Structures are given as C-alpha cells and as structure tokens.
Amino acid sequence: MARRIDQQQVRKVAKLSRLDLTDHELEEFTSQLGAILEYVEKMNKLNTDNVEPLAHCLPVSNVFREDCVKESIGTERALANAPERDESFFKVPKILDDGSGA
Amino acid sequence: MEELSALELRDQIAAGKISSVEATKAVFERIRKFEPVIGAYISTHEDRALEFAADVDRRIAAGEKMGQLAGVPVAIKDNMCTTFGATTCASKILENFHAPYNATVVEKLLAADAVIIGKANMDEFAMGSSTENSGLKQTVNPWDTTRVPGGSSGGATAAVAGRLCFAALGSDTGGSIRQPASFCGVVGLKPTYGRVSRYGLVAYGSSLDQIGPITRNVADTALLLNVIAGHDPADSTSVDETKAPVSVYLQNLDKPIDGLRIAIVPQFNAGAEEQVQKALNEAISVYKNLGAEIIEIEMPHLDYAIAAYYVIATAEASSNLARYDGVHYGHRTENPRDYVEVYTKSRAEAFGQEVKRRIMLGTYALSSGYYDAYYLKALKVRNLIRGDFTAAFEKCDCVMMPVAPTTAFKIGEKVNDPLQMYLSDIYTISANLAGIPGISIPCGMDDKGLPIGLQIMVPAFVEEKLLRIARMFEAQTDWHMKKPPMNEK
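Sequence order for the protein chains is A and B.
At position 96 of the first sequence (counting the first as 1) the number is 96 in the numbering used here, and the numbers step up by one without a gap.
At position 268 of the second sequence (counting the first as 1) the number is 268 in the numbering used here, and the numbers step up by one without a gap.
Hints were generated in silico from the structure; no laboratory data involved.
One or more of the hints may lead you astray.
To be verified - Below, computed lysine to aspartate or glutamate pairings styled on DMTMM-like, alpha-carbon distance capped at 25 Å:
no., chain 1, residue 1, chain 2, residue 2
1, A, Lys-12, B, Glu-349
2, A, Lys-70, B, Glu-274
3, B, Lys-483, B, Glu-274
4, A, Lys-42, B, Glu-354
5, B, Lys-414, A, Glu-28
In this text, all values refer to a predicted model and were calculated from it rather than measured experimentally.
Input sequences plus hints: build the corresponding full structure.
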C-alpha cells in the first residue's frame, strides 16, 4: 500500500499546518516527505491486528487536585512577550469578515 | 581546577578550599578562550552567575546548610524556561522570548545552590541529531572541530566535554542526551519517563521528552539526578514517589551488582560501524571479566523503532508547536494582510526547515484518511517494541548496545538528507518509545580519536541499578578521563 505524497497533498498539509511555504519548499518537501513516508511504511511488514495502541508508557489517568485558588502570573507578565497588545489584551488583525471579501 | 568533577568541586567549595566565585570565574575564563571555537552557548550570564556564587560563598562562610550542588557552575539546554535571559529553543520564533516562570528543574538547581552560568545550544526545538538545525548558531565537536557534537543537546555535551561548565542538563526525546554524549565522550542519562518533571521544558514530543544529566562521570550523573528527580504537582505525568521512590543514587554507587545478567542483541548491533562494534564487544568483555553473564537475545521489533518514532514524535510535535501563532509570544510577521497570515507567515518566517518538515509530517500522519495507516499503526508498533523490552528484562538485568551506529560525523554531511540523519538515532529511540531509562558512557575511541559510547538500558525506575552497572565499567577503565584537545581561535 505504498502511497507516495504528491505536491497537491503537501500543499493541503501546509495549509492545515498553517505554514506559508514557497514553491521551492513545496517541491523539496514533496520529495523528502515521500522518502520518509516510504521508509515509515516498513511498519506494514508487521502484523498488528491484535496489538493495542500504546500512546503513553505510564498507566496515567486523570490527575486531580484540590480546586483552590493559587497565585497566578498576572496580566503584565502574561502579556510581556506579546508581539502586540492593547492595554490588557493581545492584539490581532480583524477576524470577523466585514464583507469586503478579504 | 577545571579537571575536578562536579562532586569534587562541590566538596572542595564546602571545605573552603576553593570559592564558588573562583570556580565560576575560572569557567568564564575558559569560555572567553574557547567558546569562539566551540559555540556551545546561546547565552551566558556572567554577572548573574558571579552574584549567585558570591551569595553561596557568603552562606557557606556563615555556616548555613547548603544544597547538593552548592557553588558548582552548571549549564542548561536552552529549552528549559528561566526568568533570567531568553529561552530560545534555538529558534528564531523564540529568539526574544523571556519566560515568565522557571522550569521545575531550574527551581531545583537553584534550590540545590547550583550556579547556572548559561543556556546551551541545541537543534531547533530539539529536532535533530547534530545541533546543525539550530536557528541561532553552530556548535562544533571539541574532539574535532570539523565534526558535529551530535544532537539535539550538542551545546550541553560540547560544554561538558570542553570544560566550559562542570555539568549540564539536557533533554532526550529520541536520543538527544545519549547520542551527543557519545559523540563528545561524556556521560549522559535519559531517566525513566516520569522520573523528572517536564514543567517548563518547551514541549516537542510530550509522551517521549525527558530531562536528564550530562556530566563527566557516573557519580556526577547520580548527583544531578538526585537534584532533579521527583514528583511535581505541576506535571501530571511526573510519577508519584510513593509508587516509585527516588533513591539516594550516590549511596551504593560503588557496589557492583552481583550476578549481573547482560543481554545483547547481536543481529541489531551488526548495523553499527565495525569500530563501534569492537568497542562494544570490548566493553562487554570488561563486564564478563567482572563475572557478568552475557545472554544473546533477539528483539525483533527494534528495527521498526525509527519508523514508529518519526510518526509519533512528529504527530505530537505538530500539535505542540501549534502554539506558535504569532499572537501570544514569539515572532510575528510584519504587515499581515489578515489574521490567517499572522499564523502562516509568522511560522513560515521563523521556523527552520527541519521544524517545518516535522510539523508537516506529523500533520499528515494525523490527518483524515491517514491516521490509521500511520499514527495508529505507529502506536501499535510502539507497544510491540515495549514488549521486546519486557520480554528481555525477564531474562536479564540490562540490555547493552551501541549509542549510535557511527562516531561523530562531519559538519554538513547529513544536512541535505533528513532520512539519513534520522537513521543515526536507531539505537537510542526505542528507550523513549518504551519509556525506560538509558545511559551513555564513554567506552572507547575510533582510529580518528573520536569517542564511542556504550548504551545501557534497564526497566523503568531502576536508575539506581543502572548507575551502579555503569559505574562498574567506569571503575575498570579510564575512557571517561580522556579530554579533548582544546585550541584557541
């Protein structure tokens, strides 16, 4: 079931990944990801029909603590690294469509 | 003074023979001389370090009870958050990021009175095996400056090997402590997953990442592990100490393990360079001479570890790195047309090629239509790999194998072929997938004078025994005493 990735798929993945790739990068990633996926597909030689997936090595389940108020880092420190801010808010370009087609 | 181990230095400082200020000044003297060649650090913090050292000296003179690393200059990989200086992950996206809190391991170092002198270079977001993926600078191998130090903790291992600090902390997701430790001829431990808090460690592959010590000998690793190990309420995956107690790792370090049973996997080890195999075999004979029993076993699924790892780690990375959105912190593109461009251009401008490649690979493996074939399949293979170790540990105390198939390779040799770079992790990755501890200790040199490491792996939370096994070899050999030929620019 070798399925090599094509440039259209790479473009779609870039969109999902929120990465604005250049044409050169698209071309390079198509061939590199293809080679990596081809290698990865060696897993298909293993029969895993009766194997449980292992997402985590520890037998962890939810960890609860008392619901009590603790000190937080505060607005100033939380915003200290913001690329742009407006008083106590992170500032971003307009998100709602104003009908201009942008 | 630079030849003292961290433990020896601590004891001399405690005894008043050397001051922490003297030790710190001596380290910065060496950094001024050799750092222009080695490039181990992204940032150093001399004023802060000297102030901290002076305070340690003052408190020792006043007879206060001091921490386990009192006065010892140490480095940390630059993916651990500190409230002083920047925490960059060697990425342009975090170049000016100032963390609002300290990582738990940093708090623990401070509580142990260690002098944190700088933050070490690494592959961007710990993605790489040579430190060449750093977005900020290049680190070279102190043993041969035309070669890579390994990665991703290459800055930390180069600093320890080059005596540009007395010990360091790295992080290991697929071998990022052990492989560069092997390339630089130092000791590097990846503890059991959950042994050390990951709070404040910038996340790459959350089910695999673990912080561990990088030192010049096994005793120093034992000492550092004691400082950083333990449960942390801020990390829900750090393990409850009532279930897995933290030992005093130095206490029985020099007691050999009676009736030690070592498993080796001849078929798997055959993939390593001849000189690496030779060093491994010689190391095994040292143990044999100490009375250890050597058992040859098969671990049929290890050969699939890289395939499973590069699906699981990249899937986790694609999710973890979604937080770099140009909104809350980190680089933001200038003049975005709309809010989507804030994401797509900020990320495209500031992430390096390997980071982009892994985000893409992980996103693909998780995307609709491919999830079962790649991600779910990889999780099942992960279970088979863990099963190989469970079966092995029924017959033996530890598994020994090479750390890497080769010694340090040339700078630039593998940068254009990501798959070849990935294959250099073949011996280290399975410990991360299985969640077990693994250590790399110096065990030989090739004919080019480059260090070779021996890897030892044990069941989860058996670090005390692992360190004792490592110490058995170290006590018989002097590979850990060799030092690189340091030249000024």
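Do the hints match the structure? See the list:
Distance hint between A/Lys-12 and B/Glu-349 is fulfilled; the C-alpha atoms sit about 19 Å from each other, no more than 25 Å. For a cut-off of 25 Å, the pair hint linking A/Lys-70 to B/Glu-274 is broken: about 58 Å separates their Cα positions. Note on B/Lys-483 and B/Glu-274: the hinted pairing holds, with a Cα-Cα distance of about 23 Å set against a maximum of 25 Å. Using a Cα cut-off of 25 Å, the hinted pair A/Lys-42 and B/Glu-354 holds, with the two alpha carbons roughly 22 Å apart.
Only pairs whose Cα atoms come within 25 Å are accepted, and B/Lys-414 paired with A/Glu-28 is accepted, the gap being roughly 16 Å.
Of the numbered hints given earlier, the model fails hint 2 alone.
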